[in-house]
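Trainee: Generate the whole structure from the sequences, applying the supplied hints.
Chains as they are written, first to last, in our numbering: chain A, 1 to 220; chain B, 1 to 220; chain C, 1 to 218; chain D, 1 to 218.
You may find that some hints are simply not true.
The calculated DSS-like cross-link candidates involving lysine-lysine, where the alpha carbons are at most 25 Å apart (straight line), are [said to hold, decoys possible]: (1) A/Lys132 with D/Lys136; (2) C/Lys120 with C/Lys147; (3) D/Lys4 with D/Lys186; (4) A/Lys132 with B/Lys132; (5) C/Lys136 with B/Lys132.
Read the hints as simulated data drawn from the structure, not as lab findings.
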Amino acid sequence: MSKVRTVEEAVARIPDGAILMIGGFMGVGTPPRLIDELLRQGKRGLTVIANDTARPGVGIGKLIDAKAVRKVIASHIGTNPETQRQMMAGEIEVELVPQGTLAERVRAGGFGLGGILTPTGIGTVVEEGKQKIEVDGTVFLVETALKADFALIAAKHADYLGNLDYALTARNFNPLMAMAAGTVIAEAEDIVPVGVIPPDAVVTPNVLVDCIVAKEVRHG
Amino acid sequence: MSKVRTVEEAVARIPDGAILMIGGFMGVGTPPRLIDELLRQGKRGLTVIANDTARPGVGIGKLIDAKAVRKVIASHIGTNPETQRQMMAGEIEVELVPQGTLAERVRAGGFGLGGILTPTGIGTVVEEGKQKIEVDGTVFLVETALKADFALIAAKHADYLGNLDYALTARNFNPLMAMAAGTVIAEAEDIVPVGVIPPDAVVTPNVLVDCIVAKEVRHG
Amino acid sequence: MDEKTLIAKRVALELRPGNLVNLGIGLPTLVANHLPAGVNVMFQSENGIVGMSPVPEAGAVSGDLSDAGGSPIGAVPGAAAFDSAISFGLIRGGHLDVTVLGGLQVDQDGQLANWMVPGKMVPGMGGAMDLVSGAKRVIVAMQHSAKGTPKIVKRCTLPLTSVRRVDLIVTELAVIEPTEAGLVLKEVAPGITPADVLAFTGAELIVPASVPTMAIAG
Amino acid sequence: MDEKTLIAKRVALELRPGNLVNLGIGLPTLVANHLPAGVNVMFQSENGIVGMSPVPEAGAVSGDLSDAGGSPIGAVPGAAAFDSAISFGLIRGGHLDVTVLGGLQVDQDGQLANWMVPGKMVPGMGGAMDLVSGAKRVIVAMQHSAKGTPKIVKRCTLPLTSVRRVDLIVTELAVIEPTEAGLVLKEVAPGITPADVLAFTGAELIVPASVPTMAIAG
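Mentor: This is the structure we're talking about:
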């Protein structure tokens, strides 16, 4: 059965209050049509796991502007004053995670690991409430896996089976998140026939992708 | 300064007793000229971290045949009766590691992690002597990072900066090992000018590779 | 039909369209030859590919494309290649729908031993521990007994592969489902009675009043 | 020459041919403009590329290629792109030779605080904690004081970025090396005396008998 759905159908699967992983880094590699459709359908109470909240009016920043987000797990919100304002006002919950640790926690969720041992954060506020463990005389922080209900992925190409590739720095968290969510919705710049993406160029294997957003119909 | 060296020069850096990670899976993706040169230079007392020891006369099996190996850390030795014979005779030490755990332990070594938490091996002989840790009610085994003195890598293409790509199932442990060793020696089927491997097709970034084995000179 | 073919054909019926499937070396590999018509599944080879297929024709092989035993394979259109960490990420992360593995012993708790015989055979676990711990569904495909010695036993005497309860056991005599209550006899092979199965089984079996005869693919 | 340029030029002298270097946002970014002739380094942007470069000419940008601030960049021949896990694997795995970061405070133990001011500014640590914990060499490039308040202090009052001792502090007044014995004044800026540096420093400095004047690149 084809995995292609309209953007309306794809986003309609996402209930209010869902936990979303959203790819992108300052908006680069964030799926634009999925973001706009979340807004159009008026989703509320979302938890967003992402590197950052970009800027007002950009990428995940649009969800913040619309107050669609209840909680953010991110490495950085400094570029979005509206996220900071909502956090200070107690309107939104923010969990800050070192960027490398965030990448590994998402990866661990997708790879069936309970977590990873890292020196990052030891001796800082990041270690508060977390287990520590000693290995060969070095103390590491135990950082646990993150999973999500949905991953919203921006790819360069998708084929009709769901194989994905990415372009340059728009790759960022996308392939990690595509492993770590119950349902993976991918928006690609182009959808190509099966076999067009060579096996070695596939970054996200088809079996991980549940839904490919249909291309917009354009005339002229 | 160019990273290209003759196979003799590249292998001459490896002392007897060194800890080597060697790419490959049943010989596919194992660097053939580096293996042969290790034999020709008569290395002894090596520790080899690899998925398997292939078969007698094939890939890492050649090092076993020559009794160049003191210790093997691998997921599988069943296809090589000579490895089993040496193990039973106490001539070689063998540490068996579940294949997924081996991949993650090598990766952890290269990624600066102390280790990872996995359910694989819980309740089996694999857990003997290892720490366990509970996360959200589930008990995980702590599997620690592996590192090596040298990684011997088989690539499809190298460029002259050291960027590498791989072909199909010959990729296997190679990119993981290229992150996890002090010195990385890469043998490629072909060496191409810088810029020929597109940035998105590079699997092992140039900065990881210390030494590229020069192509054989052929005539006719 | 020989016993291995019977087992492979019955296991094939467990696969669903769209499944990602990993077949162990040996008997489980035969399952690929008996897929019911219309059931398209993706086969993974744990050395780094989703979309493995038989070599399409004599001579059409690549030195860079092999199965977990090192033998040449083909690839379907839409295949994807990746490193060993991603390969086991698929297995351990719950993305693998079905693994079919051979067995040395399965016990009353549904726990499998299939990777070593102490003092005799220490091949290493390869990917077996990861597959059993991580796959959504674990099917053990094996002969019911070894030279008359039952392989389905009260408690495994061989080292366990995982403490996870496997989901189904398919032998040339029966289909058995390990459950919380114990091993349930679900089907018997054509011409075999529940009493026959019990005679070759070293563990207690829960035998329903009526046990259907095994369906067989193709 | 303004203070920031002075700092950037001095930091540039720390880079060696073949180094993999990560420059933080703001002042550290300027270092790329002052590489000594013949020193080829690879710049990493932690959002996923090794081999970033300035945009080569007006209009030659791609929506898929940006720096960690989201601004368009270029790529040198031989650049490599990868996901965030690999990017931080390079940083955390000891593969990054040098990171140059801004600072809010550095203390007598060489510990850095540079990611938040409680109650005022909580931007998040981004990659800073990973960079300081993982890079082979950490250089803090910052102005010596903030509106007259010393940024080099006995003990950080702001939340630490890492407990790791940074390797070098470069300001518009001085080059200071944190060591096990304490902060050592290594160089002073042109026209600046050790006494001047001490006047603007909130921590003890070890001042050798002779302190050379800062060298400056290009």
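Trainee: Confirm or reject each hint.
Mentor: Consistency of the hints with the structure:
A threshold of 25 Å between alpha carbons decides the hint, and for A/Lys132 with D/Lys136 the separation of about 24 Å falls inside it, so the pair holds. With a C-alpha separation of about 17 Å, the suggested pair C/Lys120 and C/Lys147 falls inside the 25 Å cut-off, and the hint holds. Between D/Lys4 and D/Lys186 the CA atoms are separated by roughly 19 Å; this keeps the pair inside 25 Å, and the hint holds. Proposed proximity of A/Lys132 and B/Lys132 is supported: the alpha carbons are some 12 Å apart, at most 25 Å.
Annotation: proposed proximity of C/Lys136 to B/Lys132 holds, straight-line Cα distance about 24 Å (limit 25 Å).
The earlier numbered hints are all upheld by this structure, with none contradicted.
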